[in-house]
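Both chains come to you apart, so use the hints to assemble them.
Here the protein sequences line up with chains W and B, keeping their order. Number 16 in my numbering belongs to position 14 of the first sequence; there are no gaps in the numbering. Number 242 in my numbering belongs to position 234 of the second sequence; there are no gaps in the numbering.
Simulated from the structure, these hints should not be mistaken for lab results. Be aware that one or more of the hints could be misleading.
Covered stretches of chain B (chain W as the covering partner; in silico rule of three or more C-beta atoms under 8 Å from a C-beta of chain W) [stated by the list, open to error]:
hint: 1; stretch: 15-28
hint: 2; stretch: 69-80
hint: 3; stretch: 269-283
Listed next, the in silico SDA-like pairs over lysine to any residue satisfying Cα-Cα at most 20 Å (straight line) [to be verified]:
hint: 4; chain 1: B; residue 1: K95; chain 2: W; residue 2: W180
hint: 5; chain 1: B; residue 1: K76; chain 2: W; residue 2: A179
hint: 6; chain 1: W; residue 1: K133; chain 2: W; residue 2: G118
hint: 7; chain 1: B; residue 1: K81; chain 2: W; residue 2: W180
hint: 8; chain 1: W; residue 1: K265; chain 2: B; residue 2: Y229
hint: 9; chain 1: B; residue 1: K95; chain 2: W; residue 2: V160
hint: 10; chain 1: B; residue 1: K114; chain 2: W; residue 2: Q181
hint: 11; chain 1: B; residue 1: K111; chain 2: W; residue 2: F183
hint: 12; chain 1: W; residue 1: K265; chain 2: W; residue 2: L255
hint: 13; chain 1: W; residue 1: K87; chain 2: B; residue 2: K108
hint: 14; chain 1: B; residue 1: K95; chain 2: W; residue 2: L255
hint: 15; chain 1: B; residue 1: K108; chain 2: B; residue 2: H96
Computed from a predicted structure; not experimentally measured. Beta carbons: idealized from backbone N, C-alpha and C, even for Gly.
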Amino acid sequence: MSGTSTASRWGLRTLGLGYLLLLLLAPLVMIFYKAFEEGLAPPFEAITSADGLHALKLTLLMVVISVPLNTIFGVGCALLLVRHKWKGNGVIDAVINLPFAISPVVIGLSLYLLYGTDGWFGPALAEAGIKVLFSVPGMVLASIFVSLPFVVRETVPVLQEIGTEQEQAASTLGANAWQTFWRVTLPAIRWGVAYGVVLTTARVLGEFGAVTIVSGSITGETQTLPLFVEKQYANFNQAGAYGASILLAVLALATLLGMNLLKRKEDA
Amino acid sequence: MGISVEGASKRFGDFQALNDVSIDVPDGSLTALLGPSGSGKSTLLRAIAGLETLDTGKVVISGQEVSKTPPQKREVGFVFQHYAAFKHMTVFGNVGFGLKIRKWDKQKISDRVHELLQLVQLDGLADRYPDQLSGGQRQRMALARALAVEPQVLLLDEPFGALDARVRKDLRTWLRHLHDEMHVTTIFVTHDQEEAMDVAEQLVVMNEGRVEQSGSADDLYDHPANEFVMSFVGEVNQLGESYVRPHDMDVVLEPDDRTEEAMVQRIVALGFEIRIEFVLGDGTEVWAQLTRAELQKLELREGQIAYLRPSQTKSFNGDSPSGDRGASTPLGAQDGGDAERSAAV
Chain W
3 MSGTSTASRW GLRTLGLGYL LLLLLAPLVM IFYKAFEEGL APPFEAITSA DGLHALKLTL
63 LMVVISVPLN TIFGVGCALL LVRHKWKGNG VIDAVINLPF AISPVVIGLS LYLLYGTDGW
123 FGPALAEAGI KVLFSVPGMV LASIFVSLPF VVRETVPVLQ EIGTEQEQAA STLGANAWQT
183 FWRVTLPAIR WGVAYGVVLT TARVLGEFGA VTIVSGSITG ETQTLPLFVE KQYANFNQAG
243 AYGASILLAV LALATLLGMN LLKRKEDA
Chain B
9 MGISVEGASK RFGDFQALND VSIDVPDGSL TALLGPSGSG KSTLLRAIAG LETLDTGKVV
69 ISGQEVSKTP PQKREVGFVF QHYAAFKHMT VFGNVGFGLK IRKWDKQKIS DRVHELLQLV
129 QLDGLADRYP DQLSGGQRQR MALARALAVE PQVLLLDEPF GALDARVRKD LRTWLRHLHD
189 EMHVTTIFVT HDQEEAMDVA EQLVVMNEGR VEQSGSADDL YDHPANEFVM SFVGEVNQLG
249 ESYVRPHDMD VVLEPDDRTE EAMVQRIVAL GFEIRIEFVL GDGTEVWAQL TRAELQKLEL
309 REGQIAYLRP SQTKSFNGDS PSGDRGASTP LGAQDGGDAE RSAAV
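Next up, chain B with everything else stripped away, as it sits in the complex (with noise of 0.2 Å):
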């Protein structure tokens, strides 16, 4: 069951905002929709509600084709990036619209109100109006207001996108929570990688209109079906033809067979976590991921010459986009021409 969209395309103008895209989202599963601003996955979440209309291609949910259903019998909750809160109803009455629309009686609709607003966490609010909320209470009004109708589907476009830092990081984590408690099929969408493998159990990479790799946050990161994934899911450098984590970028202080010769040029210390960037011979900026341990072995300072050594690299043939997977080619494993190209990064 779940949702499945099949050959869906959308053209708005010029701009072609879905090509040919098909997915497959597991009933019950949490899944997100990854990409850069233009990718279209707004416009592929917007197509499942039924709030655009697709060209061509089909939306099925539950089993039942409903490309042609309008977004009012479609049965999905949908959560806004801005709210789109009621703005002249109490946080009573938005929660409680969609049951009130369905001609409950006025018992019941306030009980399921008050169970809502308990599990979103805004019992005692029921008669503030939503611009007496901040940001993070505010989504979780839609929220609630969104589950209220019991959907088959729960779909959230950059839900926590309007929201500081620190409020994001709490939503997502308890967005996680209320989905393991309520097995309803999730899809989000989010421009974020690191909210994408936080949250979600299925991540579907788009760009350009297209879906370029979905797959697990594990398989994405280790088997990258391109360079658009590769550089997406993940930071990475790009050294030639091939790829290199900045994990995965050792600094020794001895040049050996292997190695390039780099100047450091800036030390960033972010916590546990340093960036050193470096820059190579012909102008090529890199930069690597060390510990803080790590950096103080070294002893690095800026200006100073060391030699990086890429443990693991990677490289994808041809530019077909939905291609080929990349071949995961640790160094040390290789021989001939892979490895001398790696190495003479």
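Extracted from the complex, chain W is given alone in its bound form (with noise of 0.2 Å):
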């Protein structure tokens, strides 16, 4: 390697690191540095409350139903994409990436209008009892759509990439579909599908925008760990934003950081 090359590679990375540091990581350390400023009592405090707590539960309910739901949709639309070529596959490809494209404060406008008493269906579901806004049924349907372009961006290259020779191999020595598909389709993609889940994950815990507006934002009631942020910091308690903010981020890099796990294990 020459002079010149290094002086570059060094000033390449220097930038890189610089503009990381900047932009990600000095916020996130002031968050730190602000919950745990007077002690570890007040934002462990604001936690531990029943609002706090509740909201926590909320929140982990989110993740629980709308991440299964689309890492199922995810896998299916993507097979449906890649292995079955018919013309309405633009189509789908093209919604798909609406919830990337709209503002979640647009999306929960949008269910709003639909869930509403004026809307579409909101009158037929209320004369059957069943409450949309306001409520989590409509949360969870602000969650799936905001995090639903995730598995299905991220299987989609890698089922590409292994290509079809695989399952057809399967099919010739007896394997059905099914069989085909969670004996070899499966776990030559799953890196793939795993990594998408970790992003639905970490976008439904933090959904803030989609939710406000379908929750109402009711303390105790349909406030998830990020609307409990907003409330808390409106209401000058400052300790009790940062520690959930913490909890919120802790969420995050535990389910990145599972999956890391996971994989090393595997690949040692």
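Below, the structure is given as structure tokens:
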């Protein structure tokens, strides 16, 4: 390696690291610092308050419902897009990207309009005794909507890369479509799916805009952790807001770490 | 019994991959589908396996029509050019896959897998993953995997195409021996005529979605049905309307009434075989195949003028693809116009 290329390499590294540090790490560090500025007690109390725990539970509920549904849908949709070529694929492909393109607030509003008292589905569902807005079903719908593309987007390229030969080999060896999927296709695409699951989880954990609108953010009832953070902050309970923020960050990091550990265990 | 395909046609968009193809593969035989890329040979093989559905025509395996049967019920073993190894499974898992699907019990699977690994000489590598194997080992694993379920027929799609020359030659011989032991009806696809002649008992030559000719290697070499078969099976020079094998091209130093003047352009020594490239008066390039001893006797050098005398030529009438047998015409036994034309090369 010549001197110039070494210098430019270090220059690029410094630039890249500096950029990440300033934009991503510095704010995170600030949150940690602020949360524990007055000791461990205030943030801990905020999180373990009845409302805080309820927000945590509700957030986890969103994850537990939305992530499996989006995973099943995402893998199925990716299979459809990659393995069954037909004319409608272009449309499906474009529609799947909508949640990326549309602002979450707009998504929340559109759900509000659809399920509200004047919406298409609202009156009929209200008559059947199902309350969608300002309750869990609406929040689940919003969470699913905003996090829908991740598994599809992560799975499609992996499916394309593995090709169809392994699946064809399985079929000549006597495996039906179901057996081929579970024994050959899924194991081959598992890391793509897993990565999609991690991103979906992170998105659902942190979703704010769409959920705010459909939930009404009622403390102790329809408040997820991000909404709780906002409410605490608005009420000048900064330690509570930072404490809940850290909890959110830790949950997301734990998901990522979990996947990495699984992967490392398998590679070993 | 064996395999037969009747009137098979298949179109991919604008491309006619198979055009009314019929073949018969005798029970227990080893048959090669030989042809250039795009000739439809792989499509035909995949149609027999059920990996491709035919637009028209039918596939019969052991007397049973299977045209509508899905691949998993056809009892075929299929080997892919690029192995199609299950990367997340060990060699053991790969070979035992079909047996696991058939719900054999563990001990039986283990016995059968080890028996097969012994057969393909991969004993001791059962716990490896495919990416820890060489290309040749992977392909033998794929073969063991296909054989594990005791298929009625074994189909190999360019099985040695991704391997280097040395391994390819070894595996070829090995496949030949394996077939002698197992006697399972086998079809393999190749674009390499030497490989086809080396391994197979019967060759089916395909071109542009049609069968040009089928028969034994000798049959195809000595009695090619048309120009395509003549030039695809073995080497050939074209001289006007007729064709001459390079080894039927005698090189002499004295002209007579049946020779053609030619200049030596290049001499290529390929071990025992010597390949001499000539250019004729009209610019046509031809080559002759000689032994080392013959060359030494002639003392030819590049740039020198010599005389060529085809000892045997063939010509084909018309363009009909499945046309008449080309007349085998030893020059010496001929008279009249044909002889003159052949001589006037």
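Right, here's what the structure says about each hint:
no.	hint	result
1	15-28	violated (count 0)
2	69-80	holds (count 3)
3	269-283	violated (count 0)
4	K95(B) - W180(W)	holds (19 Å)
5	K76(B) - A179(W)	holds (16 Å)
6	K133(W) - G118(W)	holds (10 Å)
7	K81(B) - W180(W)	holds (15 Å)
8	K265(W) - Y229(B)	violated (57 Å)
9	K95(B) - V160(W)	holds (14 Å)
10	K114(B) - Q181(W)	holds (18 Å)
11	K111(B) - F183(W)	holds (17 Å)
12	K265(W) - L255(W)	holds (15 Å)
13	K87(W) - K108(B)	violated (31 Å)
14	K95(B) - L255(W)	violated (30 Å)
15	K108(B) - H96(B)	holds (16 Å)
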